[in-house]
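Chemist: Here the protein sequences come in this chain order: F and Z. Under the numbering used here, the residue at position 297 of the first sequence is numbered 297, and the numbers go up by one with no gaps. Under the numbering used here, the residue at position 33 of the second sequence is numbered 33, and the numbers go up by one with no gaps.
The set of hints was computed from the structure by calculation and includes no laboratory data. Source: prediction; values computed, not measured. Treat the hints loosely; a few may be bogus.
Below, a list of computed lysine to any residue pairs in the SDA-like style, where the Cα atoms sit at most 20 Å apart [stated by the list, open to error]: (1) F:Lys8 / F:Val60; (2) F:Lys8 / Z:Arg199; (3) Z:Lys276 / F:Ala209; (4) Z:Lys127 / F:His28; (5) F:Lys8 / Z:Ile90.
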Amino acid sequence: MGAASRLKDAGLAALVGAALAFPLIGFHTSDTSVGFTTRFPWVAIAAAAVFVGRLLLGLVPPRFRLHQFGRRTTAIPHGKLVKLAAGALIVFAVLLPVLPIGSRESIDLATLALIYVILGWGLNVVVGLAGLLDLGYVAFYAVGAYSFALAVQWFGLSFWEMLPLSGMTAAMAGILLGIPVLRLRGDYLAIVTLGFGEMVRIVLNNWTAVTGGPNGIGDIPRPSVFGMPIAAGTPAGVTTFNHFFGIDYDPIQRLIWLYYVALAVALAINWFSLRVRRLPVGRAWEALREDEIACRALGLNPTMIKLSAFATGAMTGGFAGVLFAARAGFISPESFNFQESATVLSIVVLGGMGSQLGVALAAVILATLPEFGREFAQYRMLLFGAAMVAIMIWRPRGIFTVRAPSVRLDET
Amino acid sequence: MGYFLQQLVNGLTLGAIYALIAIGYTMVYGIVGMINFAHGEIFMIGAFISLISFVVLGVLGVTWIPLALLLVLLIAMALTAVYGWAVERIAYRPLRGSFRLAPLISAIGMSIFLQNYVLLVQGAHEKTLPPVINGGFELMQQGGFAVSISWLQLIIVGVTLFLMVVFTAVIQLTPLGRAQRATEQDMTMAALLGIDVNRTISLTFVIGAALAAVAGTMVTLQYGVIDFFIGFLAGIKAFTAAVLGGIGSLPGAVLGGFLIGMIESFWSGYFPSEYKDVAVYAVLILVLMFRPTGLLGRAEIEKV
Chain F
1 MGAASRLKDA
11 GLAALVGAAL
21 AFPLIGFHTS
31 DTSVGFTTRF
41 PWVAIAAAAV
51 FVGRLLLGLV
61 PPRFRLHQFG
71 RRTTAIPHGK
81 LVKLAAGALI
91 VFAVLLPVLP
101 IGSRESIDLA
111 TLALIYVILG
121 WGLNVVVGLA
131 GLLDLGYVAF
141 YAVGAYSFAL
151 AVQWFGLSFW
161 EMLPLSGMTA
171 AMAGILLGIP
181 VLRLRGDYLA
191 IVTLGFGEMV
201 RIVLNNWTAV
211 TGGPNGIGDI
221 PRPSVFGMPI
231 AAGTPAGVTT
241 FNHFFGIDYD
251 PIQRLIWLYY
261 VALAVALAIN
271 WFSLRVRRLP
281 VGRAWEALRE
291 DEIACRALGL
301 NPTMIKLSAF
311 ATGAMTGGFA
321 GVLFAARAGF
331 ISPESFNFQE
341 SATVLSIVVL
351 GGMGSQLGVA
361 LAAVILATLP
371 EFGREFAQYR
381 MLLFGAAMVA
391 IMIWRPRGIF
401 TVRAPSVRLD
411 ET
Chain Z
1 MGYFLQQLVN
11 GLTLGAIYAL
21 IAIGYTMVYG
31 IVGMINFAHG
41 EIFMIGAFIS
51 LISFVVLGVL
61 GVTWIPLALL
71 LVLLIAMALT
81 AVYGWAVERI
91 AYRPLRGSFR
101 LAPLISAIGM
111 SIFLQNYVLL
121 VQGAHEKTLP
131 PVINGGFELM
141 QQGGFAVSIS
151 WLQLIIVGVT
161 LFLMVVFTAV
171 IQLTPLGRAQ
181 RATEQDMTMA
191 ALLGIDVNRT
201 ISLTFVIGAA
211 LAAVAGTMVT
221 LQYGVIDFFI
231 GFLAGIKAFT
241 AAVLGGIGSL
251 PGAVLGGFLI
261 GMIESFWSGY
271 FPSEYKDVAV
281 YAVLILVLMF
291 RPTGLLGRAE
301 IEKV
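Given the sequences, and given the hints that come with them, work out the whole structure.
Modeler: Structure, rendered in structure tokens:
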């Protein structure tokens, strides 16, 4: 392309930029009375920025353009490298509370990151392994959190009793939703799961007698250490953790304990996911993702396979919900909106669908990124959205790796 | 009976708005096979542009309502169409031919971006517009309950039906429509036969965005209150409408839009209105269970 045509191209882009900026940036209507102010210099700045950006983009050699990277086939890191990275990550996670950076805030944030890791791995089974697009995953997260909170409120059950029970409740919810809708394919399934997620949120928000409505449920207990609560003083009839071990009470102990519980749950789920892939059911998930018709021809029952994937994913979401409720001590329907589902889905896709390590790294990045952007909170979500688009264009298959089928016939 | 009729009138108005948005979803899905998640945001931007145009025109002295309405519609359609075009060019075109989920994630990102962009440049407060078109007439009086139709409601339904006829004609009769239908059937073959596929797809987005802008204008006029978050719910409901009618089918989107509007309005009229969205989704799930391709959709034959 010659310089003249490049300038013309950039000029056209600037014109489009001006047209985009003109109505929304150029004018600002008053919130209280009829009237408006103009900000035309900003329109000019926006158009100029587009002009320069387009011109610079044109100067980049084609092979370094963003979307050209995605076209390259990247070798999937195998064996040693992945094991090494995963090992380093686990060691770091275990040591975090004793490292110098292990402050109150960072441990709390790390717990949140682990909850997202668990959510990501759970949805990974559904989307990454079985290839079912679920846009309402947050529903199972909510079922887990609310079943825990309600069981505490009504029956006085504890964290440890409710962790498996909430997982099972969420799995049941997954099966109940799955039976009618799993006959649907692709995008229809996506919209129905989205509808289900919204339905759960609306019911939680309005069924005030049971869920407390928008006010949510508070006073959710933190997990005890083998039946001994972490608490100050010596309550009658209860042996506290601090009394038993003779350690002075410090609020940070609760955070650290919850962090380790979340880490243990996450590692257990990781172990389960890696193992289940080698079982017939896990193989069937991947086979279904690759080709449903071939599966049927081989006598596999797609509905049962999808249902098991859905239930497994839902159960994992339920575990994450319990941990979330225990971390916050308070839950309300606001925490379970569509944005959450979108975030978890982005984690799975950005991490490279099917890859355990990729999903974990993406979850950590997405969960901690907003915290670092606190200073420019206004632009945080704006940049988050733009980053999602840019990463998809850069690497449509996810930042890290793509998980190939666990078994395949090599061409020889 | 009177109450029933009133809900019917309200439902038709709401349905017309959903139908306009649903057309954008269904056309894009038909031609590139992706859920354009940012379409709800395009509708929201259309609503903002129309509100700003109303205010600016009012201050400039254009007070004759038919002229103001026409100008606002044209401005909103034109400028929102630029947004539709830009979204496709930036976020979707580089991903064409990529794997199935990539455009969807990109669209979700675009939707978050646009929402926060409007939040940033126009503020988080609700924007209000004083009623522009007042009055109406009474359809009937029954037992002290008056069934009334406002002029605005007539305009909304009228404009919607008019635009639907125009765009159905465009798709059935013009070269652009032929190119669109050809691209929908087989993108590669269409390109081989000399159809500019990129241009056709861009135009599809432009048309969808323009119709969403009309819907945005109607919402601004009818309810008078908009904020940066209205696109999400309207988008989901319109997409539900498109799926209900059979995605990819234009008459289906219109039918679905009117049905969703009606369900919402009747549910609010007779049952607790907090659950009206639940009713919409429940109907969607039931329809998809028993007629998975929607009401007017063609069954997809899958080839191995």
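Chemist: Would you mind marking each hint as holding or not holding in the structure?
Modeler: The hints, checked one at a time:
1. F:Lys8 / F:Val60: holds, 17 Å
2. F:Lys8 / Z:Arg199: Distance ~19 Å between Lys8 of chain F and Arg199 of chain Z Cα, so the pair holds.
3. Z:Lys276 / F:Ala209: Answer holds: Lys276 of chain Z to Ala209 of chain F is near 19 Å, not above 20 Å.
4. Z:Lys127 / F:His28: Distance ~10 Å between Lys127 of chain Z and His28 of chain F Cα, so the pair holds.
5. F:Lys8 / Z:Ile90: holds, 19 Å
The structure is consistent with each of the numbered hints, conforming to all of them.
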